[in-house]
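Novice: When you get a sec, could you build the whole thing from the sequences and use the hints?
Just so we're aligned, residue 6 is where the sequence shown starts under the working numbering, counting upward by one.
The hints are simulated quantities; they were obtained by calculation from the structure and are not laboratory data. Please note that a few of the clues may not be correct.
Under the rule of at most 20 Å between Cα atoms (straight-line distance), these lysine to any residue pairs were calculated in the SDA-like manner [claimed, not checked]:
#1 93 <-> 168
#2 50 <-> 67
#3 218 <-> 236
Label pairs and their in silico Cβ distance ranges [unchecked claim]:
#4 21 <-> 167: 22 to 32 Å
#5 225 <-> 91: 24 to 34 Å
#6 174 <-> 84: 26 to 36 Å
#7 206 <-> 20: 36 to 46 Å
#8 303 <-> 235: 10 to 20 Å
#9 165 <-> 280: 32 to 42 Å
#10 269 <-> 172: 36 to 46 Å
#11 241 <-> 173: 36 to 46 Å
#12 241 <-> 115: 39 to 49 Å
#13 153 <-> 246: 37 to 47 Å
#14 216 <-> 72: 34 to 44 Å
#15 194 <-> 267: 25 to 35 Å
The beta-carbon is built from N, C-alpha and C at its ideal position, and this holds for glycine as well.
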Amino acid sequence: MILSCGESLIDMLPRETRAGEAAFAPYAGGAVFNTAIALGRLGAKAGFLSGISTDLMGEVLEAALAQSNVDTSLAIRSDRPTTLAFVKLVNGHASYAFYDENTAGRMLVPADLPADLPDVKALFFGGISLPVDPCGGTYEALMLREAARGKLTMIDPNIRPGFIKDEPAYRARLDRMIAVADIVKLSDEDLVWLMGEGEIEPLARALLAKGPKLVCITEGAKGAHGFSAAHSVFAPARKVEVVDTVGAGDTFNAGVLAALEEAGALSKEAVANADAALIEAALTLGVRAAAVTVSRAGANPPTRAELVA
Numbered sequence: 006m007i008l009s010c011g012e013s014l015i016d017m018l019p020r021e022t023r024a025g026e027a028a029f030a031p032y033a034g035g036a037v038f039n040t041a042i043a044l045g046r047l048g049a050k051a052g053f054l055s056g057i058s059t060d061l062m063g064e065v066l067e068a069a070l071a072q073s074n075v076d077t078s079l080a081i082r083s084d085r086p087t088t089l090a091f092v093k094l095v096n097g098h099a100s101y102a103f104y105d106e107n108t109a110g111r112m113l114v115p116a117d118l119p120a121d122l123p124d125v126k127a128l129f130f131g132g133i134s135l136p137v138d139p140c141g142g143t144y145e146a147l148m149l150r151e152a153a154r155g156k157l158t159m160i161d162p163n164i165r166p167g168f169i170k171d172e173p174a175y176r177a178r179l180d181r182m183i184a185v186a187d188i189v190k191l192s193d194e195d196l197v198w199l200m201g202e203g204e205i206e207p208l209a210r211a212l213l214a215k216g217p218k219l220v221c222i223t224e225g226a227k228g229a230h231g232f233s234a235a236h237s238v239f240a241p242a243r244k245v246e247v248v249d250t251v252g253a254g255d256t257f258n259a260g261v262l263a264a265l266e267e268a269g270a271l272s273k274e275a276v277a278n279a280d281a282a283l284i285e286a287a288l289t290l291g292v293r294a295a296a297v298t299v300s301r302a303g304a305n306p307p308t309r310a311e312l313v314a
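Specialist: Here you go:
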């Protein structure tokens with residue numbers, strides 16, 4: 006199983022009733038949640054670990070995961086509320102009001118974690134659950150624990166500066182998590198935020214020196230790079246009509262992990278020794294799946310059948 010560990014939330018999107026009244030419609034979301042959904046749809050054996058509420062909105066999240074064949078047996082359930090993100094659109098630009106204090110996801114603590122994960126081969130971490138506590142510290146503890154036990158780990162910080170209240174502490178957390186990660190994925194913008202200004206390859210190789218064995222950098226409509234100690238691989242993006250980019254990076258992450266699973270390469274050793282062909286296969290599935298996601302509204306990753314054509 007590939008276990009995605011991180012936030013799930015409900016996006017409350019603005020709508021208008023037939024009577025012309027303002028309203029909000031609930032949509033399941035969250036970066037790590039989206040990766041779990043994408044993995045399930047791509048046919049990978051997918052699981053999701055997060056704090057999920059037993060409230061009405063938690064039921065929406067559970068239903069969405071079940072519909073995409075994501076195992077939620079490791080989710081930690083509580084009667085705390087679900088995180089909500091109310092979206093306001095002004096001239097097509099979105100702003101958000103988050104309600105995250107004392108939620109089921111935010112209040113996750115290390116004592117909530119399962120003692121062992123015998124069916125899990127790889128763990129994925131990232132998103133807005135990392136800069137905040139106590140959940141951020143909990144996910145860090147889980148990643149460090151499972152990496153030490155020999156499990157493959159991947160991280161995509163998906164950096165959102167607006168969520169970072171203590172930047173030095175957040176950067177220190179990322180440093181610790183990246184040091185034990187086998188795979189690190191960043192957008193080109195996130196790479197600059199993390200490593201400073203510069204060209205992609207030198208920055209990515211500086212990141213490799215911190216411990217990872219594979220660094221993947223997405224470059225929007227251009228495509229994605231994969232760097233290891235021995236290889237530098239580029240997979241061009243597919244040309245599509247872009248509707249929006251919500252969930253593109255999350256879907257790319259799922260494609261990388263699903264490709265590794267298909268190749269029987271979900272292990273530290275396999276990633277450390279990956280040849281150029283394996284890296285290219287992982288990047289290619291990532292960009293192919295992401296191309297479908299950006300061609301339709303919202304975070305709506307493709308199934309594997311949709312990629313056959």
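Novice: What are the numbers of the hints that this structure violates, sorted from low to high?
Specialist: Violated hint (a single one): 8; every other hint is consistent with the structure.
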